[in-house]
Amino acid sequence: MAREQDGLTYAQAGVDIDAGNALVDKIKPIVRSTRRPGADGEIGGFGGLFDLKAAGFTDPVLVAANDGVGTKLMVAIEAGKHDTVGIDLVAMCVNDLVVQAAEPLFFLDYYATGKLEPDQGAAIVAGIAEGCRQANCALIGGETAEMPGLYRSGEYDLAGFAVGAAERGSLLPTDDISDGDIILGLASSGVHSNGFSLVRKIVERSGLSYLDPAPFDGGTTLGEALLMPTRIYVRSLLQAIRNTHGIKALAHITGGGFPDNIPRVLPAEWSADIDLESIDVPPVFSWLAETGGVAEHEMLRTFNCGIGMVAVVAAGQAAQVAAVLQQAGETVTPIGRIVPARDQRVVYRGSLGL
1 MAREQDGLTY AQAGVDIDAG NALVDKIKPI VRSTRRPGAD GEIGGFGGLF DLKAAGFTDP
61 VLVAANDGVG TKLMVAIEAG KHDTVGIDLV AMCVNDLVVQ AAEPLFFLDY YATGKLEPDQ
121 GAAIVAGIAE GCRQANCALI GGETAEMPGL YRSGEYDLAG FAVGAAERGS LLPTDDISDG
181 DIILGLASSG VHSNGFSLVR KIVERSGLSY LDPAPFDGGT TLGEALLMPT RIYVRSLLQA
241 IRNTHGIKAL AHITGGGFPD NIPRVLPAEW SADIDLESID VPPVFSWLAE TGGVAEHEML
301 RTFNCGIGMV AVVAAGQAAQ VAAVLQQAGE TVTPIGRIVP ARDQRVVYRG SLGL
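According to UniProt numbering, the sequence shown holds residues 1 to 354 in order.
Everything labelled a hint here was simulated from the structure, so no lab data went into it. From a predicted model like this one, the values you see are computed outputs, not experimental measurements. Check the hints yourself; a few may be wrong.
[To be verified] Below are the DSSO-like pairs computed for lysine-lysine, each with C-alpha atoms no more than 27 angstroms apart in a straight line: (1) K81 to K28; (2) K81 to K201; (3) K81 to K115; (4) K115 to K28; (5) K28 to K53.
Sequences and hints are given; from them, build the entire structure.
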(Lines of atoms letter the chains of each structure in order from A and count residues from 1; the text may use other names and numbers.)
(Lines give C-alpha, C1' and ligand atoms only; values in the text may rest on other atoms or scores of the structure.)
Protein backbone atom coordinates (compact mmCIF):
# COMPACT_ATOMS: atom_id res chain seq x y z
CA MET A 1 0.00 0.00 0.00
CA ALA A 2 1.31 3.48 -0.91
CA ARG A 3 2.32 5.63 2.03
CA GLU A 4 -0.11 8.49 2.71
CA GLN A 5 2.54 11.13 2.04
CA ASP A 6 3.03 9.64 -1.45
CA GLY A 7 -0.70 9.46 -2.22
CA LEU A 8 -2.23 11.32 -5.14
CA THR A 9 -4.79 14.10 -4.90
CA TYR A 10 -7.62 15.12 -7.22
CA ALA A 11 -5.74 18.36 -7.98
CA GLN A 12 -2.69 16.36 -9.09
CA ALA A 13 -4.98 14.45 -11.46
CA GLY A 14 -5.91 17.79 -13.03
CA VAL A 15 -9.17 18.70 -11.30
CA ASP A 16 -9.10 21.80 -9.08
CA ILE A 17 -12.13 21.87 -6.77
CA ASP A 18 -11.03 25.24 -5.38
CA ALA A 19 -11.11 26.74 -8.89
CA GLY A 20 -14.65 25.43 -9.31
CA ASN A 21 -15.72 27.04 -6.05
CA ALA A 22 -14.04 30.30 -7.10
CA LEU A 23 -16.03 30.27 -10.35
CA VAL A 24 -19.30 29.79 -8.47
CA ASP A 25 -18.48 32.78 -6.27
CA LYS A 26 -17.69 34.90 -9.34
CA ILE A 27 -20.90 34.06 -11.17
CA LYS A 28 -23.43 34.27 -8.32
CA PRO A 29 -24.14 38.01 -8.85
CA ILE A 30 -24.21 37.46 -12.63
CA VAL A 31 -26.79 34.70 -12.30
CA ARG A 32 -28.80 36.77 -9.82
CA SER A 33 -29.23 39.46 -12.51
CA THR A 34 -31.41 37.08 -14.57
CA ARG A 35 -34.15 36.66 -11.97
CA ARG A 36 -37.74 36.97 -13.21
CA PRO A 37 -41.19 36.17 -11.78
CA GLY A 38 -41.24 32.48 -10.98
CA ALA A 39 -37.51 32.18 -10.32
CA ASP A 40 -35.85 33.89 -7.39
CA GLY A 41 -33.62 31.20 -5.90
CA GLU A 42 -29.83 31.14 -5.59
CA ILE A 43 -27.57 28.79 -7.54
CA GLY A 44 -25.68 26.23 -5.52
CA GLY A 45 -28.45 23.75 -4.74
CA PHE A 46 -28.89 20.38 -6.40
CA GLY A 47 -31.72 21.59 -8.64
CA GLY A 48 -33.25 24.82 -9.87
CA LEU A 49 -36.82 25.76 -9.02
CA PHE A 50 -39.45 27.58 -11.08
CA ASP A 51 -42.99 28.53 -10.06
CA LEU A 52 -45.33 28.57 -13.08
CA LYS A 53 -48.16 30.12 -11.09
CA ALA A 54 -45.94 33.01 -9.99
CA ALA A 55 -45.02 33.51 -13.67
CA GLY A 56 -48.71 34.13 -14.44
CA PHE A 57 -49.66 30.94 -16.28
CA THR A 58 -53.10 29.37 -15.86
CA ASP A 59 -53.11 26.24 -18.02
CA PRO A 60 -49.60 26.00 -19.46
CA VAL A 61 -48.03 23.59 -21.91
CA LEU A 62 -44.29 23.27 -21.36
CA VAL A 63 -41.92 23.44 -24.34
CA ALA A 64 -38.26 22.39 -24.03
CA ALA A 65 -35.22 22.82 -26.27
CA ASN A 66 -31.50 22.16 -26.03
CA ASP A 67 -28.58 23.09 -28.26
CA GLY A 68 -24.94 24.08 -28.38
CA VAL A 69 -22.75 26.60 -30.17
CA GLY A 70 -20.91 24.15 -32.42
CA THR A 71 -17.46 24.88 -33.81
CA LYS A 72 -18.01 28.62 -33.43
CA LEU A 73 -16.39 27.89 -30.07
CA MET A 74 -13.13 27.13 -31.88
CA VAL A 75 -13.18 30.63 -33.35
CA ALA A 76 -13.74 32.07 -29.85
CA ILE A 77 -10.86 30.03 -28.48
CA GLU A 78 -8.46 31.02 -31.27
CA ALA A 79 -9.52 34.68 -31.07
CA GLY A 80 -9.32 34.69 -27.26
CA LYS A 81 -12.80 36.16 -27.00
CA HIS A 82 -15.21 34.32 -24.70
CA ASP A 83 -17.80 36.89 -23.62
CA THR A 84 -20.36 36.45 -26.42
CA VAL A 85 -20.62 32.69 -27.08
CA GLY A 86 -22.89 32.44 -24.05
CA ILE A 87 -25.38 34.68 -25.85
CA ASP A 88 -25.21 32.29 -28.80
CA LEU A 89 -25.89 29.37 -26.49
CA VAL A 90 -29.05 30.94 -25.10
CA ALA A 91 -30.19 32.22 -28.50
CA MET A 92 -30.02 28.82 -30.16
CA CYS A 93 -32.35 27.41 -27.50
CA VAL A 94 -34.82 30.24 -26.85
CA ASN A 95 -35.31 31.04 -30.55
CA ASP A 96 -36.44 27.43 -30.95
CA LEU A 97 -38.96 27.93 -28.15
CA VAL A 98 -40.49 31.14 -29.43
CA VAL A 99 -41.23 29.66 -32.86
CA GLN A 100 -43.88 27.63 -31.05
CA ALA A 101 -45.16 30.79 -29.29
CA ALA A 102 -43.63 29.64 -26.01
CA GLU A 103 -42.26 32.21 -23.57
CA PRO A 104 -38.81 31.11 -22.34
CA LEU A 105 -38.90 30.71 -18.56
CA PHE A 106 -35.61 29.25 -17.41
CA PHE A 107 -32.24 28.11 -18.71
CA LEU A 108 -29.51 25.73 -17.57
CA ASP A 109 -26.02 25.44 -19.02
CA TYR A 110 -23.31 22.80 -19.19
CA TYR A 111 -19.72 24.05 -19.40
CA ALA A 112 -16.97 21.45 -19.84
CA THR A 113 -13.25 22.17 -20.07
CA GLY A 114 -9.86 20.54 -19.67
CA LYS A 115 -8.60 22.99 -17.07
CA LEU A 116 -10.93 25.39 -15.33
CA GLU A 117 -9.91 29.03 -15.55
CA PRO A 118 -12.29 31.01 -13.30
CA ASP A 119 -11.94 34.28 -15.25
CA GLN A 120 -12.62 32.57 -18.58
CA GLY A 121 -15.54 30.69 -17.07
CA ALA A 122 -16.96 33.89 -15.60
CA ALA A 123 -16.78 35.59 -19.02
CA ILE A 124 -18.66 32.71 -20.60
CA VAL A 125 -21.35 32.70 -17.91
CA ALA A 126 -21.64 36.49 -18.18
CA GLY A 127 -22.54 35.97 -21.84
CA ILE A 128 -25.10 33.31 -20.90
CA ALA A 129 -26.64 35.70 -18.37
CA GLU A 130 -26.79 38.47 -20.99
CA GLY A 131 -28.62 36.12 -23.35
CA CYS A 132 -31.04 35.21 -20.59
CA ARG A 133 -31.73 38.88 -19.84
CA GLN A 134 -32.39 39.53 -23.54
CA ALA A 135 -34.90 36.66 -23.54
CA ASN A 136 -36.36 37.48 -20.08
CA CYS A 137 -35.32 33.99 -19.07
CA ALA A 138 -33.94 33.03 -15.64
CA LEU A 139 -30.60 31.22 -15.38
CA ILE A 140 -31.53 28.84 -12.58
CA GLY A 141 -28.61 26.43 -12.64
CA GLY A 142 -25.92 24.66 -14.57
CA GLU A 143 -22.97 22.32 -14.43
CA THR A 144 -19.24 22.96 -14.69
CA ALA A 145 -17.10 19.92 -15.53
CA GLU A 146 -13.31 19.90 -15.44
CA MET A 147 -12.12 16.92 -17.51
CA PRO A 148 -8.35 16.80 -18.11
CA GLY A 149 -7.45 14.41 -20.90
CA LEU A 150 -10.76 14.84 -22.73
CA TYR A 151 -10.16 18.48 -23.71
CA ARG A 152 -6.81 20.03 -24.59
CA SER A 153 -5.53 23.09 -22.74
CA GLY A 154 -7.75 26.11 -23.41
CA GLU A 155 -10.55 24.10 -25.04
CA TYR A 156 -14.10 23.94 -23.76
CA ASP A 157 -17.60 23.00 -24.86
CA LEU A 158 -21.02 24.39 -24.06
CA ALA A 159 -24.54 22.99 -24.07
CA GLY A 160 -27.74 24.73 -23.08
CA PHE A 161 -31.21 23.65 -22.01
CA ALA A 162 -34.25 25.95 -22.02
CA VAL A 163 -37.84 25.45 -20.92
CA GLY A 164 -40.71 27.71 -21.90
CA ALA A 165 -44.47 27.71 -21.63
CA ALA A 166 -47.53 28.75 -23.57
CA GLU A 167 -51.18 28.70 -22.59
CA ARG A 168 -52.94 25.64 -23.94
CA GLY A 169 -54.39 26.29 -27.41
CA SER A 170 -52.02 29.13 -28.31
CA LEU A 171 -49.11 27.17 -29.77
CA LEU A 172 -47.76 27.73 -33.29
CA PRO A 173 -48.03 26.81 -36.09
CA THR A 174 -51.76 27.36 -36.52
CA ASP A 175 -53.91 25.10 -38.69
CA ASP A 176 -55.08 27.83 -41.10
CA ILE A 177 -51.99 28.41 -43.28
CA SER A 178 -53.31 29.13 -46.76
CA ASP A 179 -52.50 30.18 -50.32
CA GLY A 180 -51.16 33.73 -50.51
CA ASP A 181 -50.01 34.07 -46.89
CA ILE A 182 -47.02 36.40 -46.71
CA ILE A 183 -43.56 35.29 -45.57
CA LEU A 184 -41.75 37.98 -43.60
CA GLY A 185 -38.00 37.76 -43.06
CA LEU A 186 -36.38 39.10 -39.88
CA ALA A 187 -32.77 40.18 -40.38
CA SER A 188 -29.99 38.21 -38.74
CA SER A 189 -27.06 39.75 -36.87
CA GLY A 190 -24.54 37.83 -38.98
CA VAL A 191 -23.58 34.19 -39.36
CA HIS A 192 -25.26 33.32 -36.02
CA SER A 193 -24.13 29.82 -34.89
CA ASN A 194 -24.39 27.56 -37.92
CA GLY A 195 -22.00 26.57 -40.67
CA PHE A 196 -18.81 27.30 -38.76
CA SER A 197 -17.05 24.16 -39.92
CA LEU A 198 -17.33 25.63 -43.42
CA VAL A 199 -16.50 29.14 -42.16
CA ARG A 200 -13.29 27.87 -40.60
CA LYS A 201 -12.31 26.09 -43.83
CA ILE A 202 -12.84 29.34 -45.74
CA VAL A 203 -10.78 31.35 -43.25
CA GLU A 204 -8.02 28.74 -43.57
CA ARG A 205 -8.15 29.09 -47.36
CA SER A 206 -7.99 32.90 -47.09
CA GLY A 207 -4.71 32.78 -45.17
CA LEU A 208 -6.04 35.26 -42.61
CA SER A 209 -5.94 34.93 -38.86
CA TYR A 210 -8.87 35.79 -36.62
CA LEU A 211 -6.88 38.76 -35.32
CA ASP A 212 -6.52 40.31 -38.79
CA PRO A 213 -8.91 43.07 -39.95
CA ALA A 214 -12.13 41.67 -41.38
CA PRO A 215 -12.00 42.08 -45.21
CA PHE A 216 -15.72 42.90 -45.25
CA ASP A 217 -15.70 45.22 -42.19
CA GLY A 218 -12.69 47.45 -41.73
CA GLY A 219 -13.77 48.47 -38.24
CA THR A 220 -13.23 45.12 -36.55
CA THR A 221 -11.12 41.98 -36.59
CA LEU A 222 -12.17 38.90 -38.52
CA GLY A 223 -12.69 37.00 -35.27
CA GLU A 224 -14.87 39.70 -33.73
CA ALA A 225 -16.98 39.96 -36.88
CA LEU A 226 -17.55 36.21 -37.08
CA LEU A 227 -18.30 36.03 -33.34
CA MET A 228 -21.14 38.55 -33.58
CA PRO A 229 -23.69 36.82 -31.33
CA THR A 230 -26.87 35.23 -32.61
CA ARG A 231 -29.83 37.59 -32.51
CA ILE A 232 -32.47 36.73 -29.91
CA TYR A 233 -35.96 37.32 -31.34
CA VAL A 234 -37.98 36.39 -28.26
CA ARG A 235 -39.26 39.73 -26.96
CA SER A 236 -40.21 41.15 -30.37
CA LEU A 237 -41.92 37.97 -31.54
CA LEU A 238 -43.88 37.47 -28.34
CA GLN A 239 -45.04 41.07 -28.61
CA ALA A 240 -46.19 40.54 -32.21
CA ILE A 241 -47.86 37.21 -31.40
CA ARG A 242 -49.81 38.63 -28.46
CA ASN A 243 -50.65 42.04 -29.90
CA THR A 244 -51.67 41.11 -33.44
CA HIS A 245 -52.69 37.42 -33.39
CA GLY A 246 -51.59 37.52 -37.03
CA ILE A 247 -48.62 35.14 -37.00
CA LYS A 248 -49.47 31.66 -38.26
CA ALA A 249 -46.02 30.07 -38.19
CA LEU A 250 -42.40 30.87 -37.39
CA ALA A 251 -39.20 29.17 -38.54
CA HIS A 252 -35.78 29.69 -36.97
CA ILE A 253 -33.24 29.67 -39.83
CA THR A 254 -30.45 27.55 -38.39
CA GLY A 255 -28.54 24.58 -39.83
CA GLY A 256 -30.15 23.57 -43.10
CA GLY A 257 -31.03 27.16 -43.98
CA PHE A 258 -34.23 27.91 -45.90
CA PRO A 259 -34.79 24.51 -47.58
CA ASP A 260 -34.69 22.48 -44.36
CA ASN A 261 -36.22 24.82 -41.77
CA ILE A 262 -39.21 26.48 -43.46
CA PRO A 263 -40.90 23.16 -44.42
CA ARG A 264 -40.78 22.06 -40.77
CA VAL A 265 -43.67 24.44 -39.99
CA LEU A 266 -45.73 24.03 -43.19
CA PRO A 267 -48.44 21.44 -43.85
CA ALA A 268 -47.61 19.03 -46.67
CA GLU A 269 -49.99 20.75 -49.11
CA TRP A 270 -48.07 24.05 -49.08
CA SER A 271 -44.68 25.28 -50.28
CA ALA A 272 -42.78 28.52 -49.68
CA ASP A 273 -42.05 30.73 -52.70
CA ILE A 274 -39.02 32.90 -51.82
CA ASP A 275 -37.88 35.99 -53.72
CA LEU A 276 -34.13 35.88 -53.19
CA GLU A 277 -33.62 39.36 -54.63
CA SER A 278 -35.66 40.86 -51.78
CA ILE A 279 -33.04 39.74 -49.24
CA ASP A 280 -30.41 42.25 -48.14
CA VAL A 281 -27.40 39.94 -47.86
CA PRO A 282 -24.80 41.16 -45.30
CA PRO A 283 -21.21 41.52 -46.60
CA VAL A 284 -19.92 38.63 -44.48
CA PHE A 285 -21.88 36.17 -46.62
CA SER A 286 -20.61 37.67 -49.85
CA TRP A 287 -17.05 37.30 -48.57
CA LEU A 288 -17.64 33.68 -47.52
CA ALA A 289 -19.19 32.81 -50.88
CA GLU A 290 -16.45 34.48 -52.92
CA THR A 291 -13.48 33.33 -50.84
CA GLY A 292 -14.73 29.78 -50.52
CA GLY A 293 -16.19 29.50 -54.00
CA VAL A 294 -19.44 28.44 -52.34
CA ALA A 295 -22.40 28.00 -54.73
CA GLU A 296 -25.68 29.80 -54.06
CA HIS A 297 -27.61 26.61 -53.27
CA GLU A 298 -24.91 25.62 -50.77
CA MET A 299 -25.06 29.06 -49.13
CA LEU A 300 -28.84 28.74 -48.80
CA ARG A 301 -28.70 25.37 -47.06
CA THR A 302 -25.72 26.16 -44.82
CA PHE A 303 -26.16 29.79 -43.72
CA ASN A 304 -29.02 32.15 -42.88
CA CYS A 305 -27.76 34.57 -45.61
CA GLY A 306 -29.16 37.54 -43.69
CA ILE A 307 -32.53 36.16 -42.53
CA GLY A 308 -32.46 34.62 -39.05
CA MET A 309 -36.20 34.06 -38.61
CA VAL A 310 -39.21 33.89 -40.92
CA ALA A 311 -42.86 34.48 -40.09
CA VAL A 312 -45.87 33.27 -42.04
CA VAL A 313 -48.60 35.88 -41.78
CA ALA A 314 -52.08 36.34 -43.26
CA ALA A 315 -51.79 38.75 -46.20
CA GLY A 316 -54.21 41.23 -44.67
CA GLN A 317 -52.20 41.42 -41.42
CA ALA A 318 -48.66 41.45 -42.85
CA ALA A 319 -48.28 45.23 -42.58
CA GLN A 320 -49.53 45.26 -38.97
CA VAL A 321 -47.26 42.42 -37.88
CA ALA A 322 -44.27 44.01 -39.65
CA ALA A 323 -44.96 47.35 -37.96
CA VAL A 324 -45.06 45.79 -34.47
CA LEU A 325 -41.82 43.90 -35.13
CA GLN A 326 -40.10 46.99 -36.50
CA GLN A 327 -41.18 49.04 -33.51
CA ALA A 328 -39.64 46.32 -31.32
CA GLY A 329 -36.31 46.76 -33.12
CA GLU A 330 -36.42 44.17 -35.89
CA THR A 331 -35.55 44.77 -39.53
CA VAL A 332 -38.42 43.14 -41.43
CA THR A 333 -38.76 42.43 -45.16
CA PRO A 334 -41.45 40.56 -47.10
CA ILE A 335 -39.47 37.79 -48.80
CA GLY A 336 -42.12 35.50 -50.24
CA ARG A 337 -45.52 33.85 -49.99
CA ILE A 338 -47.21 30.51 -49.44
CA VAL A 339 -48.18 28.61 -52.61
CA PRO A 340 -49.70 25.19 -53.34
CA ALA A 341 -47.17 22.38 -52.92
CA ARG A 342 -44.49 22.08 -55.59
CA ASP A 343 -41.87 19.39 -56.17
CA GLN A 344 -39.64 21.40 -53.82
CA ARG A 345 -41.04 22.57 -50.49
CA VAL A 346 -39.07 25.81 -50.91
CA VAL A 347 -38.87 27.35 -54.39
CA TYR A 348 -36.79 30.37 -55.32
CA ARG A 349 -37.17 33.34 -57.63
CA GLY A 350 -34.19 35.46 -58.63
CA SER A 351 -30.73 35.21 -57.11
CA LEU A 352 -29.05 36.18 -53.86
CA GLY A 353 -27.19 39.48 -53.97
CA LEU A 354 -23.82 37.90 -53.23
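Right, here's what the structure says about each hint:
{"no.": "1", "hint": "K81 to K28", "result": "holds, 22 angstroms"}
{"no.": "2", "hint": "K81 to K201", "result": "holds, 20 angstroms"}
{"no.": "3", "hint": "K81 to K115", "result": "holds, 17 angstroms"}
{"no.": "4", "hint": "K115 to K28", "result": "holds, 21 angstroms"}
{"no.": "5", "hint": "K28 to K53", "result": "holds, 25 angstroms"}
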